[in-house]
Amino acid sequence: MKCLGQGHGRDLCTAAAPERSPLECLLVAGVATFVAPQRMPSAAPNGLVCHCWYILSSKSDSRLKHLLQRAPEYCPESMVIWSCINSSLPGVLKKSDGWVGLGCCELAIVVECRQACKQVRFSNFLPLSILNIADTANALFSCINRNEMGSVCCSYAGHHTNCREYCQAIFRTDSSPGPSQIKAVESYCASISPQLIHCVNNYTQSYPMRNPTDSLYCCDRAEDYACQTACKRILMSMKTELEIVDGLIEGCKTLPLPQDPLWQCFLESSRSVHPGVTVHPPPSTGLDGAKLHCCSKANTSTCRELCTKLYSTSWGNTQSWQEFDRFCEYSPAEVSMLTCLADVREPCQLGCRNLTYCTNFNNRPTELFRSCNAQSDQGAMNDMKLWEKGSIKMPFINIPVLDIKKCQPEMWKAIACSLQIKPCHSKSRGNIICKSDCVEILKKCGDQNKFPEGHTAESICELLSPTDNFENCIPLETYLRPSSLDNIVEEVTHPCNPNPCAANQLCEVNRKGCQSGELCLPYFCVQGCKLGEASDFIVRQGTLIQVPSSAGDVGCFKICTCGQSGLLENCMEIYCVDLQKSCIVGGQRKSHGTSFNIDCNVCSCFAGNLVCSTRQCLNEHSSEDERRMFTGLPCNCADQFVPVCGQNRRTYPSACIARCVGLQDNQFEFGSCLSKDPCNPNPCPKNKRCIPKQQVCLTSFEKFGCSQYECVPRQFNCDQLQDPVCDTDNMEYNNLCTLYQKGKNISYKGPCQPFCKSVEPVCGHNGETYSNVCAAYSDRVAVDYYGHCQAVGVVSDYSFQTECTSVKCPPLSATGCKPVVPPGACCPLCAGMLRVLYDKDKLDTFAKVTNKKPITVLEILQKIRLHISVPQCDVFGYLSIESEIVILIIPVDQNPKQLQIEACNKEAEKIESLINSDSPTLASHVPLSALITSQVQISSIISSFSIKVVPILHTLLFSLILTLSAAIYNT
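Heads up, the sequence shown is in numbering that gives the first Met the number 0, so the first residue is 0 and it goes up one at a time.
Please keep in mind that the hints were generated in silico from the structure rather than gathered at the bench.
Among the hints, erroneous ones may be present.
[Claimed, not checked] Capping the alpha-carbon separation at 20 angstroms, the derived lysine to any residue pairs in SDA-like fashion look like this:
(1) K580 <-> G607
(2) K442 <-> H454
(3) K434 <-> S458
(4) K589 <-> D838
(5) K702 <-> T849
(6) K756 <-> P723
(7) K404 <-> D446
(8) K589 <-> N600
(9) K442 <-> L401
(10) K384 <-> L401
(11) K756 <-> T727
(12) K896 <-> V819
(13) K807 <-> P760
(14) K839 <-> Q663
(15) K685 <-> A225
(16) K421 <-> P465
(17) K308 <-> G554
(18) K421 <-> S435
(19) K421 <-> S335
(20) K685 <-> V711
(21) K896 <-> T492
(22) K589 <-> S335
(23) K839 <-> G607
(24) K741 <-> P723
(25) K580 <-> N608
(26) K862 <-> P346
(27) K852 <-> Q707
Please construct the entire structure, taking both the sequences and the accompanying hints into account.
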């Protein structure tokens, strides 16, 4: 950049000399004379004038963001650049005291911008006015404007607490205030302050009133299918509350009783306020429900209380933010909480490319990064410019350094880029430079004569990088040279990184494929809800979400629905977890949330309850006879395959194993579950059709059943928007409705595949025999071997003559792959495998307070599938005979390459880490929040192996992922 000075502010800084950075422009003197005097304070230092005008005239969003995020470092409080920017950007109100919008700072995209926003003294100047430019979605500016308006309006309430609280509720939402909120203000404030009512009305009249369709989610609470259908029709066609209530009474044949789930939901979502009725504002998720979840992970009570204050509905204050930054933001003791917060702000994602400064980070499709984007790339360059001045400024210490242009410049660049791009190991997901690298660079290039008193390179690095464990820190050696990959990086793609969707949308990988002739993008942008009033954490519309109690009570949660309005709705308090309650194991105390092994079983302590897998173990005291008779199956059952079907609709290899997992003899029957027709005899009334819906249930079948069918009306007209299905004669129909109208039987969901017309039966990992591989995949079950199921896999090293020896396994997809063998399976495969423990009581709680329907294995797999960012990998799984959920992340390309296998491994490790750390990335989603602990096993790769294609299996995988996925994508 070159400062030219052509007489107008916008011409001061131009791109005439690309070799000069905007930061160098800041140092150029003599520019003030070219500035229009009526626009620029005369006291402005010359270099800052140029910087100020450069900010105002920048047309590049990414460039502008980085000028703004670094502005506080170039322009301390005493400098008048803030006045320059404020005077140029009207429309932001100044307020000396009581500003309630500090939580808005969390909407700033970059960390430095958030910190500058939180730490300023608003009584002296208002740098917030520049932040609205930095946020392309205008969320920060809207938040500030809304809260300033709320501060003015609600000040009229004086000391009347109820009036002020109901007034503030109006301004603590970024969407249309509900009728109950507006009525509450009128009820409590009309006699106190007409000015307040007038002020609030001016604000609320700019929003449309609540639409009846905002309550469509309530229809799913009805237990009767006809009532659900009538409810949706009524809400979409009728406008007044009286019409809707009358229509629901007639359509559902029920009176509006508060204990009825449908009526409870509908009345809560549209309640009007009448005189004398106590009104409570709709439940709120606070400032950020996802970050509030992280507060329970604080190691100290001080940080837990500060975190809760900042992210609950209290919103904190300037002092709270500053104390959090000082005591918690960089404390090694708070690594769990800080990593959790980082997951919310910037989740770890596979892949890095298109960087122009940090080029050594490019072409890394199977590595995880938090912030691989152009903004961070520019930020790293800006950091280097600052460090070249001789000092690295940290929040709690300044580190003097020698001339880094001459002393290890490549290593300094790797540090700057690492801190901005943020590589994250799948285990820890932290962003810390390894201690040995820190000590080495400070010993060589630190200005040790100027170190703070009492500090050495070692002591400084103890504060910054307390670990040398490569699973928990970033080794700089990796990024001192370019990636060894080049033109093969496209073997693994990342459609949602960077995010192509709008701020209120969620990006999901397109696994459905596209119809011919339509625009085909590799991703979908789906509507979503933010997890709080100042949150940028988006969840999918129509899903159930778990968030901490808005009161901020640690360990207490509620369930909400992400509604069509874009807000979390119909929140219900569900339970509290006693985080202080521990488990006593072998005389030792295990705290809540810790995982450990007992013999060969993985266990976890959850609120005082011990949850363990049920693997059969040998120990050092086992006799030789015990070892010889050991099968490795639950309860050391015999290696026999005489399948029985449990009431949870899981097929177990034998009655012995069914009893071992806790089933009574009257709770299972002989024969596999898929061999039984749930519609024979027909359990449905004559005016309805029975449709098989076979599923394995994880909730208590005594409480919620495990229905294997649906009763649906015999429709004359079928919904053409449903997904295609294939019948047993290999004929394709547009939807299931049409298939059953023709009197046919379904073979599998998804379009008919020619290779499934005559392919032999296959045995899935769940022990079920499917008519073809297409039927197995449509159930999200991967194939163990071809033919009918005839054996159960054992894990004993002593059992050589097992039933699996008679099974002919398909060859591995790639030579050089060290495979995994899923529990209960006979054949190995190249995949990333997770064995997951879950809390059955929590699943029962979810089922009880939501739709009273069982939660299934397929539901878990579909939710996990949305978190797999690489389309070259897909998710399969089943409930194992050891009562764990087994999740397989398998490469699906026709010729699986080394990178693709590595990417699937990395995705499996990422999911394992999110489960084990109880990250809100997963734990916010019902029912994934019931997953307690996970163990991962990956297919290690010998480099430079040759690919051997399995002619049938991988052709099917490649084709089916794009076609059959549509059948279950939106269920």
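Here's how the hints hold up against the structure:
no. : hint          : result
1   : K580 <-> G607 : holds (5 angstroms)
2   : K442 <-> H454 : holds (12 angstroms)
3   : K434 <-> S458 : holds (10 angstroms)
4   : K589 <-> D838 : holds (17 angstroms)
5   : K702 <-> T849 : holds (14 angstroms)
6   : K756 <-> P723 : holds (16 angstroms)
7   : K404 <-> D446 : holds (14 angstroms)
8   : K589 <-> N600 : holds (16 angstroms)
9   : K442 <-> L401 : holds (11 angstroms)
10  : K384 <-> L401 : holds (13 angstroms)
11  : K756 <-> T727 : holds (9 angstroms)
12  : K896 <-> V819 : holds (17 angstroms)
13  : K807 <-> P760 : holds (14 angstroms)
14  : K839 <-> Q663 : holds (18 angstroms)
15  : K685 <-> A225 : holds (14 angstroms)
16  : K421 <-> P465 : holds (17 angstroms)
17  : K308 <-> G554 : holds (15 angstroms)
18  : K421 <-> S435 : holds (18 angstroms)
19  : K421 <-> S335 : holds (17 angstroms)
20  : K685 <-> V711 : holds (11 angstroms)
21  : K896 <-> T492 : holds (13 angstroms)
22  : K589 <-> S335 : holds (18 angstroms)
23  : K839 <-> G607 : holds (15 angstroms)
24  : K741 <-> P723 : holds (14 angstroms)
25  : K580 <-> N608 : holds (9 angstroms)
26  : K862 <-> P346 : holds (17 angstroms)
27  : K852 <-> Q707 : holds (12 angstroms)
This entry satisfies every hint, going by the numbered hints stated previously.
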